[in-house]
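S.K.: In the order they appear, the protein sequences are chains U and B. Take this note's numbering: the final residue in the first sequence is number 211, and no numbers are missing along the way. Take this note's numbering: the final residue in the second sequence is number 716, and no numbers are missing along the way.
Be a bit skeptical, because a hint or two may be false.
Stated by the list, open to error - To spell it out: a stretch of chain U is covered by chain B in this simulated footprint if at least three of its residues, at any positions, have a beta carbon under 8 angstroms from a beta carbon of chain B; those stretches are:
| hint | region |
| --- | --- |
| 1 | 97-106 |
| 2 | 149-161 |
| 3 | 195-203 |
Claimed, not checked - Quick list of in silico lysine-lysine cross-link-like pairs, DSBU-like style, CA-CA up to 35 angstroms:
| hint | chain 1 | residue 1 | chain 2 | residue 2 |
| --- | --- | --- | --- | --- |
| 4 | B | Lys19 | U | Lys147 |
| 5 | B | Lys18 | B | Lys586 |
| 6 | B | Lys19 | B | Lys388 |
| 7 | U | Lys147 | B | Lys85 |
| 8 | B | Lys19 | B | Lys586 |
| 9 | B | Lys85 | B | Lys53 |
| 10 | B | Lys654 | B | Lys18 |
| 11 | U | Lys147 | B | Lys34 |
| 12 | B | Lys465 | U | Lys147 |
| 13 | B | Lys53 | B | Lys244 |
| 14 | B | Lys244 | B | Lys465 |
| 15 | U | Lys147 | B | Lys244 |
| 16 | B | Lys586 | U | Lys147 |
| 17 | B | Lys586 | B | Lys240 |
| 18 | B | Lys19 | B | Lys34 |
| 19 | B | Lys53 | B | Lys34 |
| 20 | B | Lys654 | B | Lys388 |
| 21 | B | Lys465 | B | Lys654 |
As the list claims (entries may be wrong) - Distance windows between CB atoms, simulated:
| hint | chain 1 | residue 1 | chain 2 | residue 2 | range |
| --- | --- | --- | --- | --- | --- |
| 22 | U | Glu198 | B | Arg13 | 47 to 57 angstroms |
| 23 | U | Glu109 | B | Asp520 | 12 to 22 angstroms |
| 24 | U | Glu137 | B | Glu370 | 45 to 55 angstroms |
The set of hints was computed from the structure by calculation and includes no laboratory data. Just so it is clear, CB atoms sit at the ideal spot from N, CA and C, and this is done for glycine as well.
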Amino acid sequence: MANDEAKRPGVEGLSRRTFLKSVGAGSVGAGLLPRGGESGAAQAAEAPAVVGPGETSITLSINGETREVSVEPRVTLLDALRNRLDLTGSKKVCDEGTCGACTVLYDGEPAYACSILAMEAEGHEITTVEGLGTPDELSAVQECFVKHDALQCGFCTPGFVVACTAYLRENPEPTPEEAQRGLGGNYCRCGTYAGMREAVLDAARILRGGE
Amino acid sequence: MPEAAAWPPQDERSVLGKKIPRLDGPDKVTGRAKYAFDINRPDMLYAKVLGAKHAAATVTEFDPSEAEAMEGVEAIWVQPDIDGKTIHYSGQVLAAVAAVTEEIAEEALHRIHVAYELRDPVTDDTTPEHGGNVDEDVRGSIEDVEQAFEDADVVSSGHYGCATITHCCLEPHGHVAEFRDGDLHIWASTQNVSRYGQGLTDTAELPQDRIHVICEHMGGGFGSKLGDDIWGRAAVHLAKVTGKPVKLLLDRDLEQQIAGSRPSSHADVEIALNNDGEILAWRSHDWGSGGQGGYNRPHLPYTLSNLSPAVMRTQRVATNRGSARAWRAPLHPNGCLITMAALEDAAAAIGMDALEFFLNHVVDLTNNAEAYREELPIAAEMISYQDKAHLRGDETPGPVKRGLGIALHQWGGMGHNSNADVTIHPDGSVEVACGTQDLGTGSRTVLAIVVGETLGLPVDRVHPKIGRNAYPISGASGGSTTIGGISAASRLAAVAARDALFERVAPELGVEPGELEARDGRVQEQGNPENGMSWEEACGVLGVDSLTERGECVPPQAAQAGLISAGAAGCQIADVSVDVETGVVKLNEFVCVQDCGLIVSMETARSQVFGGMIMGVSYALYEEAIYDPVNGVMLNPDLEFYRLASMAEVGDLKVHMMTGPRYDERGVIGLGEPPVIGPGAAISNAIANACGVRVGMMPMTPDRVIQALAEGGKLA
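Chain B with its partners taken away, still in its complex shape:
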């Protein structure tokens, strides 16, 4: 890996790290940006999915004949082995209908006759009663844990948890499939363009090279759109048998039921500590449900990697709910809530200010002590912590109580394997092609910034080409790996292309290639800019042939070269008001101090942090998938009773990015997940600090606040 690929020093950057408007902004604000859902093809059919009406059942009869006979219905795909099929959750895919209009397809679903034999569903995850085997993790020994709890001045204990929530992508899952000239063309809403076709080869009966995937824009994924899914294969089947393009994107009710969720978590936690704040030991029993999917222990105690002795016991509760999928920072928000709430309760138990407790007794138990020690005072300053802080329970008269809450978070964020091609054309135009996707994170903008910086060109001179599996293979956008992967790959490609151009231009200028630089739209001799030519003239030297160079991000090597690294730490403080008569919580202010290494695109990086915080406010206060306790069916598969935060409900938000020396030199670190981890914990702690009782379960809706106040004897 060439040394010259290292990022330029901060004071020499022209566009890297600057506030550059998102390149696809104009297309998105005018409705010109085409998402999979927006693709209309000649003679296209509309497909709708039939989901099971019950959460626990067996299909005893399945008769699609009435639907098949309808005018306008062109084909019906039926789940293999439908007779006797076991239903594990409501919405489970049974069949899909393709018809000439969306309305006919919907009507046809109602005319498929399905009979079920019902079973009793498992719906309750609030106790470990239905849990599986206990998975135990011990630091030190059990004896050490028991001894520490005996020796401690104080044992603080509590019950904490969070409900199942959904990804709630505004563009639902699905795609448009079209067979044309023997090839399959797919317009997909996906986080994984390069590999999306892999799972479709059997259904399409085509090799991978004949499957062309396109995703110019996609309307949200958050971890749930990494595969092609059963409905995606159904759409391909329908396109194949009808010979017509088929559009299949899930209806909202199915999107909410079957297209992904974040597991619930429940935990009993005990912390042993001394009156001076020293934390001695941790003991926890957590359980949760990923529906039919998995539940693994969240990182517990979260961030406290060096707290020992400790014992963590975990059980998975399998419920009749749609399966969990990776939800932005999988299980980190759960672990953060459980841990930070338990820590704040411990501070309250010994009557210590939470900030003092975190700074003096918590951060040293993490692997990010230096970062947290720098960040926490900044966050405190931003929210005027010292002016507002009080010990647990706001003693101000009146029903509205105000409080502050702190949370720490951490994430890896190492870039993934990625390739990119930079092409310089003789007319001076430049393109960068990469088989990545833009989830709203700003992939296009990042590619243009990196290549523009490297070639000394403004961003609008670089044409980023993404969202096709025909482009150089890139990674899935998951785990905050995209920006590291594509920025390193495009940097390496651009450096190689620039150097190849220098080889051709150097003889014209009578210098060695190594003496040239690309800067301010010129190729010129370093230290002697008069000896140079405009970018267009320099590219003209190429004659008739364009020049393409490939860059490959192999994470360990890219990290070695200083382009990327892992390990982002941050902290958040929330300021809330709680009306103890109504239970309504209002965000006043919410601040985040975030480290993410070298920032490529300041505008979109800040938007990511704001976005994580806002999504966090939403799950902390409003979001909950509610399942009928009797029949197990999801009761709110919509956006009316599955509530998202609206603009007026997220408080005054402030973000501080840790930039400059010591942060910048670490290279690029992903930023998608970190800021979404802490909001639940920070807000939970702020509510406890305000009203004097812990609202253990998230979302902290008015009914839960009132219940906690009543149980704590604090009801107004």
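Next up, chain U with everything else stripped away, as it sits in the complex:
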């Protein structure tokens, strides 16, 4: 048994991801249905094609580009981004969907890349922090994070920037209280929340076409 997994407390039943990782770790030979989406699943029901446990080549759409990558079924989207595509802006911190440091846009919605398998991500539009702006051309959210010093060590910052970007798209006019709750799915250890509060509200103003 995977001793690392077994030690994790309080997990009542295995998450889908933990389950798949354990299966991979045990090399039981189970694989993953190829291709995401309903049509793929329906097709697979007729002819149960199986991929894995070895590597399979998949195509991901990341920051508007098509990227080929070879992964085992147990590889998370986060590890595919960081280890195989050198997109290291998304950070690996808790690796279990708690801290938000790996937040990406998944078809425009914020999602924890550590909790999605790379193979599941086929056919979905993925945007990482690298796709939101560059140092010479910052997005409004990024500019406001710099302006209000909403960062210190900076390790949680990309996750917050992506989460904030997604949040403001859905909530263009948040109150301070709403914004704080809205970004409660991300953790910072240095304690940059004071600057972040100002950054979020300032970015909201700018995105609404304010001053």
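Based on the hints, put chain B in the right spot on chain U.
M.R.: Relative to chain U, chain B alone:
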């Protein structure tokens, strides 16, 4: 040390002390900033560490053969003397596997067969039962203490303490190691770039000059990343035997278990005082556990250096937990909580307002009376103390009770030994190189501000180069020593470089070098700016050779010259609401008044203070490393059940920096630790003031609040 190196007067500063955006902000917000964890090298292997599953055991069998045989596994490092190895805490390092993918490395860990013979762990630190020898410190005499307690009108007593917490660095410990052309290149997450290679020479079988350390950015250290660690040496070994780069950063569960913690503390305290508030004597018995590491007495009574007679007895409890490491202001938060809570209880015992008690009876027992007397009224004003204050126990009907709590803190913060080189190139570009690191404190920004100020240039004209052991040696970032050390070193280097440039330019302008100034992007005659040239023209005088000058911060000399000093005092007041039906505590407002001498970078200085306060709210209300009482294994080595405060939970924060005359002229004082010391104490006092009972143990989670209310007969 040249007199001209002194900081310019406040009204003549162009960038020093101003709000300058952090220089590496754009790289960090776009994901371009590369941390050790982000380094990918050609043919790189991924290494994972195998930690012990038990807290107290002996290894009876260790068989890595199945893992070794796996396709993709390239090497396994095993702890020397693994057979019969004694296990002292869960997660203790046994082995490390390097494989072609992270997934294969993780799978290989599961295929290493380890058998253990279990022992009974020591897990309970709540009593001194397992404590070692009693270390006793007496001020005055024991007889004086006993007499004072007999003579006192009132004896206030209480039990206070805090649980073990972890550093919880978001970037875990570790590094990438690569042997190339006979040299070792290390991308490390470290607080100590200049010395990181020292501990790796034996493993690398290389002299120090062949080990190149790089740390452009690092994701949090807080005192826990000062050395290379056993897993760092394992990674170097794996890189050496495979001939390939190896990335080894700890998985989160090991990071939480073995990469550092703050010791727990428990204390029984008695204070003898008179009804008018005069404090007569102190008596305390504290104990705590740094796991397998040390536990020393926190400063007790904290800040009250002049309280005598007093007796402090301390015991260390060795438990089967990962070892403690320096945690931002080591043991100061523990001592502050124990002392400030005991003081607030004493004020409540005689029915006196806490602010009045602190101002009239506490601050004079400290060495910072003048500062506290100035700061406390400012903090009180910021939080509308007089409008909200009440004696212990909010009598407002309903389940939500509101209260205020005060804490005082102090810290040294003297700059460390540091070197910096300032280079002026003939094309006018300027660089400052320093073997320091940026933990998020703003080292890069500070260097650019100091050099820019000195050379009369905007900050973006200065290129700070840090994070390599090839640069001039600087100190470890610990104890709030960095900003003092690097600002003094870079000031001295920039002054020397500027003066060397003046020597070359003066003949061109027909003046003496001492008559020149560098200001607003020009080098010109003082008082006659028309006689001058642009910065670029002036640098062109250098011809083909760049000019480099070294600055060295030797703390006593730098302090003598007024560049740096030590001794920061501050105070905090918290305003909380406590739901006495659920035990939930909510921060309403939280203010900090902070002295830190001359401020180099206002933006990052304020961020440090906010950061300390927020980290403090987190440990005061949420953070606790929980160990199984039976088997001693850490039960929450993750970020789900080891809780950090989130953005909505830290209340409305306000910071006031003590600047201007009397503060500014003290020079630069470090600011990393001071604001993290008081939050636990301030919040504990505010909870007591709100709900009328002391919640003695931190974190003050709902269950502890409910228990304290029940024991105090105040449960709704």
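S.K.: Would you mind marking each hint as holding or not holding in the structure?
M.R.: Results for each hint:
| no. | hint | result |
| --- | --- | --- |
| 1 | 97-106 | holds (count 3) |
| 2 | 149-161 | holds (count 10) |
| 3 | 195-203 | holds (count 3) |
| 4 | B:Lys19 / U:Lys147 | 10 angstroms, holds |
| 5 | B:Lys18 / B:Lys586 | 34 angstroms, holds |
| 6 | B:Lys19 / B:Lys388 | 33 angstroms, holds |
| 7 | U:Lys147 / B:Lys85 | 53 angstroms, violated |
| 8 | B:Lys19 / B:Lys586 | 31 angstroms, holds |
| 9 | B:Lys85 / B:Lys53 | 13 angstroms, holds |
| 10 | B:Lys654 / B:Lys18 | 19 angstroms, holds |
| 11 | U:Lys147 / B:Lys34 | 21 angstroms, holds |
| 12 | B:Lys465 / U:Lys147 | 22 angstroms, holds |
| 13 | B:Lys53 / B:Lys244 | 30 angstroms, holds |
| 14 | B:Lys244 / B:Lys465 | 28 angstroms, holds |
| 15 | U:Lys147 / B:Lys244 | 41 angstroms, violated |
| 16 | B:Lys586 / U:Lys147 | 29 angstroms, holds |
| 17 | B:Lys586 / B:Lys240 | 53 angstroms, violated |
| 18 | B:Lys19 / B:Lys34 | 25 angstroms, holds |
| 19 | B:Lys53 / B:Lys34 | 33 angstroms, holds |
| 20 | B:Lys654 / B:Lys388 | 17 angstroms, holds |
| 21 | B:Lys465 / B:Lys654 | 33 angstroms, holds |
| 22 | U:Glu198 / B:Arg13: 47 to 57 angstroms | 25 angstroms, violated |
| 23 | U:Glu109 / B:Asp520: 12 to 22 angstroms | 50 angstroms, violated |
| 24 | U:Glu137 / B:Glu370: 45 to 55 angstroms | 50 angstroms, holds |
Checked against the numbered hints above, the structure breaks hints 7, 15, 17, 22, 23 and satisfies the rest.
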